[in-house]
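> Sequence:
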Amino acid sequence: MVVASPHVAFGSRGVAKLVESLSQPKEIANLAVNLATLNSQLSNQESKMQALANDGAVLAVLTKLLESPDADVREQTALAISSLTLVFQGRLAATDSGAMAALGTALADANASVRAASAKALESVSMSRDGCSAMAAPASGSLVRKLTAALDDAHKPVVVGSIAALANLLRLDLGVDEALAAKIVPKLAKLVDPSQRDRKLLETGLQALWNLSNAPQGKQGSILDGVLDVLPQHVKQGQPNVRRLAAGCIMAITINKDGKLQSLPCADALMLLLIDPDSDAATVRDAVGALKNMTEYPKVRKFVDQWAKQHNVGEKMQDMFDRVMYDAMPWPSSHRYQHQNVAPGGVAAEEEARLRATWGYPQPFSEGM
Numbered sequence: 039m040v041v042a043s044p045h046v047a048f049g050s051r052g053v054a055k056l057v058e059s060l061s062q063p064k065e066i067a068n069l070a071v072n073l074a075t076l077n078s079q080l081s082n083q084e085s086k087m088q089a090l091a092n093d094g095a096v097l098a099v100l101t102k103l104l105e106s107p108d109a110d111v112r113e114q115t116a117l118a119i120s121s122l123t124l125v126f127q128g129r130l131a132a133t134d135s136g137a138m139a140a141l142g143t144a145l146a147d148a149n150a151s152v153r154a155a156s157a158k159a160l161e162s163v164s165m166s167r168d169g170c171s172a173m174a175a176p177a178s179g180s181l182v183r184k185l186t187a188a189l190d191d192a193h194k195p196v197v198v199g200s201i202a203a204l205a206n207l208l209r210l211d212l213g214v215d216e217a218l219a220a221k222i223v224p225k226l227a228k229l230v231d232p233s234q235r236d237r238k239l240l241e242t243g244l245q246a247l248w249n250l251s252n253a254p255q256g257k258q259g260s261i262l263d264g265v266l267d268v269l270p271q272h273v274k275q276g277q278p279n280v281r282r283l284a285a286g287c288i289m290a291i292t293i294n295k296d297g298k299l300q301s302l303p304c305a306d307a308l309m310l311l312l313i314d315p316d317s318d319a320a321t322v323r324d325a326v327g328a329l330k331n332m333t334e335y336p337k338v339r340k341f342v343d344q345w346a347k348q349h350n351v352g353e354k355m356q357d358m359f360d361r362v363m364y365d366a367m368p369w370p371s372s373h374r375y376q377h378q379n380v381a382p383g384g385v386a387a388e389e390e391a392r393l394r395a396t397w398g399y400p401q402p403f404s405e406g407m
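Heads up, my numbering is the position in the sequence shown plus 38, with the first residue counted as 1.
Simulated from the structure, these hints should not be mistaken for laboratory data. Glycine included, every Cβ here is placed at the ideal spot set by N, Cα and C. You may find that some hints are simply not true.
Stated by the list, open to error - List of simulated lysine-lysine pairs, BS3-like, C-alpha gap at most 27 Å: (1) Lys102 - Lys64; (2) Lys221 - Lys194; (3) Lys274 - Lys228; (4) Lys298 - Lys228; (5) Lys330 - Lys340; (6) Lys86 - Lys102; (7) Lys238 - Lys274; (8) Lys298 - Lys221; (9) Lys295 - Lys330; (10) Lys298 - Lys340; (11) Lys298 - Lys337; (12) Lys194 - Lys228; (13) Lys295 - Lys238; (14) Lys86 - Lys64; (15) Lys274 - Lys337.
To be verified - Label pairs and their calculated CB-CB ranges: (16) Arg183 - Asp343: 44 to 50 Å; (17) Asp296 - Ala109: 45 to 51 Å; (18) Lys330 - Asp231: 23 to 29 Å; (19) Glu389 - Ala95: 55 to 61 Å; (20) Ala95 - Lys295: 49 to 55 Å; (21) Gly179 - Leu210: 16 to 22 Å; (22) Asp134 - Val268: 40 to 46 Å; (23) Ser171 - Ala109: 28 to 34 Å.
Assemble the whole structure, with the sequences as input and the hints as a guide.
Take a look at the structure:
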C-alpha cells in the first residue's frame, strides 16, 4: 500500500509542485508516493482548482500514467482522476484527454485495486449530467458494456463503483440498448436477489433496475428475465429504502402490458406497504403508482378490492373501491385511466384526444393506435 509522504510539497504551492512532479523524469521513481500525496491534498474545491490550472493539463498527464507498468501508480492515478472529475473543469479536461476510454480499459486491469479505483473514477464522472453525456459518447469506447461486464468482478469494490456508474447513466436513459445487449438484467437480478446481504449493493442494484425499467426496452428485458418475481420479497421484508426502491421497480415495470399481466404476486406486498404506518410519503407514492398500473388488469383489481375489504383498511380506502365509478373521473374514482383505450364518445374520449394532441400521440381509434 502506498502512503502519502509528509515531507513532500506542503505549503501554499504544494499542490502545484506535486502536479509538476508528475511530468518530471527525475521523479519517476517517486510517482506512486507523489500521487498518493497529491490525492491527500485534493479533499477541497480550492486544491482541485489549483491542480487543474493551465486548462486542466494535469488530466492529460494522468491519462498517460494509467498505462504505467507500476500497479500502485495506476491505482493512485485513477484515484486522482476520481477526485478531479468531481468538478466541472476536471470533467471537461478528462473528456478532452481521453481519460474516459482509458478508465474503461483499466476496468479490466490485472490488479483488483486498479479496477476498483477506475470504477470509482467513472462513478465520480457519472454523478453529473455532463459527465454522463461524455461517458456515453462514442469516443469513450463502449463504457456501458465494460461497466456491465465489471458487475461480474470478484472484487466487491469494483462492482460497487460499476453499478453506481451504471445507475447514474441509466437514469438519463443513456446506454440502455448497450446495457441490455451486454446482458445487464441477469446481472442485476443477481445483485437484487433476496440473498444479497450487502445493503449498498442491493439499494444501488434496485435503483439501476428502476432506471433501466423506465425505458420501454428495459421493462421488457426485466419481465423476460423474471425480475418481477423477486421484488415482492423486498417490498415485504426489506429496509425502508429497499422497500421504496422495490415498489418503484414494480411501478416502472408494470407500465408494460406484460408486466401488468404478471403482477398479481406483487399485489399483497404492495397493499401491506400502502397501509403500513411506517411508510413515508415517497414510499406510499411509489406503491400507489405501482397499484395504479397493476389494477388495469381485472384480476389484480378484483384482488385489491377483496384485500381491502378483508383487511379492514378503513373507510377512506374502502370508499375508493365501493363507490360508483364514472369513466369521466380521474383515478382512482374512474374505472378507466388516461393511457387505456377509451370507448368512442363522451367526456373521457374527448379528454383522451386532447391529451394525445398535446403530446403528439396518435389519436384514439386511429390507424396509428
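> Checking one constraint from the list: CA of lysine 295 to CA of lysine 238, max 27 Å. Satisfied?
violated, 31 Å
> Measure nothing beyond the straight line between the CA atoms of lysine 194 and lysine 228; if it is 27 Å or shorter, mark the hint as holding.
holds, 13 Å
> Hey, lysine 298 versus lysine 221, does the alpha-carbon distance stay inside 27 Å?
holds, 23 Å
> Within 44 to 50 Å or not, the Cβ separation of arginine 183 and aspartate 343?
46 Å Cβ-Cβ, so the 44 to 50 Å window holds.
> Checking one constraint from the list: CA of lysine 274 to CA of lysine 337, max 27 Å. Satisfied?
holds, 21 Å
> Quick check: does the Cβ-Cβ distance between glutamate 389 and alanine 95 fall within 55 to 61 Å?
Since the Cβ atoms of glutamate 389 and alanine 95 sit about 59 Å apart, the hinted range of 55 to 61 Å holds.
> Checking one constraint from the list: CA of lysine 295 to CA of lysine 330, max 27 Å. Satisfied?
Since the Cα atoms of lysine 295 and lysine 330 sit roughly 13 Å apart, the hinted pair holds (cutoff 27 Å).
> Decide if the proposed pair is consistent with the structure: lysine 274 and lysine 228, CA atoms, cutoff 27 Å inclusive.
Distance ~19 Å between lysine 274 and lysine 228 Cα, so the pair holds.
> Straight-line Cα separation of lysine 102 and lysine 64 no greater than 27 Å?
holds, 17 Å
> Between lysine 221 and lysine 194, is the straight-line Cα distance small enough, at 27 Å or below?
holds, 19 Å
> Within a Cα-Cα threshold of 27 Å, do lysine 86 and lysine 64 meet the stated pairing?
Holds - the C-alpha atoms of lysine 64 and lysine 86 are around 24 Å apart, at most 27 Å.
> Using the C-beta atoms of glycine 179 and leucine 210, is the stated range 16 to 22 Å upheld?
holds, 19 Å
The structure fails to meet hint 13 from the earlier list, while all remaining hints are met.
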